[in-house]
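Novice: In order, the protein sequence lines correspond to chains A and B.
Counting from 1459, one number per residue, gives the positions in the first sequence under the numbering used here.
Counting from 5, one number per residue, gives the positions in the second sequence under the numbering used here.
Quick caveat, the hints were computed from the structure, so don't treat them as lab data.
The reader is advised that the hints may include incorrect statements.
Stated by the list, open to error - BS3-like cross-link-like pairs, simulated, lysine-lysine; straight-line CA separation at most 27 Å:
no.	chain 1	residue 1	chain 2	residue 2
1	B	LYS61	B	LYS22
2	A	LYS1567	B	LYS69
3	B	LYS61	A	LYS1567
4	A	LYS1510	A	LYS1567
5	B	LYS75	B	LYS61
6	A	LYS1535	A	LYS1518
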Amino acid sequence: GDSVTQMEGPVTLSEEAFLTINCTYTATGYPSLFWYVQYPGEGLQLLLKATKADDKGSNKGFEATYRKETTSFHLEKGSVQVSDSAVYFCALSDPEYSGGGADGLTFGKGTHLIIQP
Amino acid sequence: EAQVTQNPRYLITVTGKKLTVTCSQNMNHEYMSWYRQDPGLGLRQIYYSMNVEVTDKGDVPEGYKVSRKEKRNFPLILESPSPNQTSLYFCASSYRTGGGETQYFGPGTRLLVL
């Protein structure tokens, strides 16, 4: 079945450091890829997404590029802030995976990011 | 304001006592689903619904029921809760099915089964 693998952390960085969170996937078809963020005590919200190979999603200074050849969707940010502290989830939806319908999300385990001032 | 709401937000119950967690969305979304979040496991889908009266199992459906009688509501029912259903539950919805749609999540319901 489909799966998503990401570093779990916690990842601790200083403010203004460069961030990379790795994400790789396996999928039956041609999935759409997502990064969701969960701030303390809140639900998940979409950070960015890409729906086809070589697409780049970006939002709030974060970027990720859909790399079909390496089955990856790594999250990057050039200069992190304390307010970026959260749990980040990489996820995919696969229209050829019947388990959750075309929009069912398969999640990685989440990466807890801690930014220190 | 476009949103997904869940109630209750926190619930402590005992083994075997039936409970319902409600979920409602005001965005006229077709697709709705339930996930549970557990430490070290991430989020896993329990059930989903592609439209009114259309529901199906996700990855971890055992011990749960759902219904979709109206487009906006998608309650999660635990007929006989057990301690292994202690978890954080999220409802989510998206505009339509077909892949690539952004899902909107509710704030979560934290359940403790004693």
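Novice: Does each hint hold? Answer for all of them.
Specialist: We went through each hint and held it up to the structure:
1. B:LYS61 x B:LYS22: With Cα atoms ~20 Å apart, LYS61 of chain B and LYS22 of chain B stay inside 27 Å; holds.
2. A:LYS1567 x B:LYS69: This hinted pair holds, its Cα atoms lying about 25 Å apart.
3. B:LYS61 x A:LYS1567: Distance of about 21 Å is within 27 Å: holds.
4. A:LYS1510 x A:LYS1567: Given that 27 Å is the threshold and the Cα spacing comes to 23 Å, the pair holds.
5. B:LYS75 x B:LYS61: Between LYS75 of chain B and LYS61 of chain B the Cα gap is close to 18 Å, so the pair holds against 27 Å.
6. A:LYS1535 x A:LYS1518: Judged against 27 Å, a Cα distance of about 9 Å means the pair holds.
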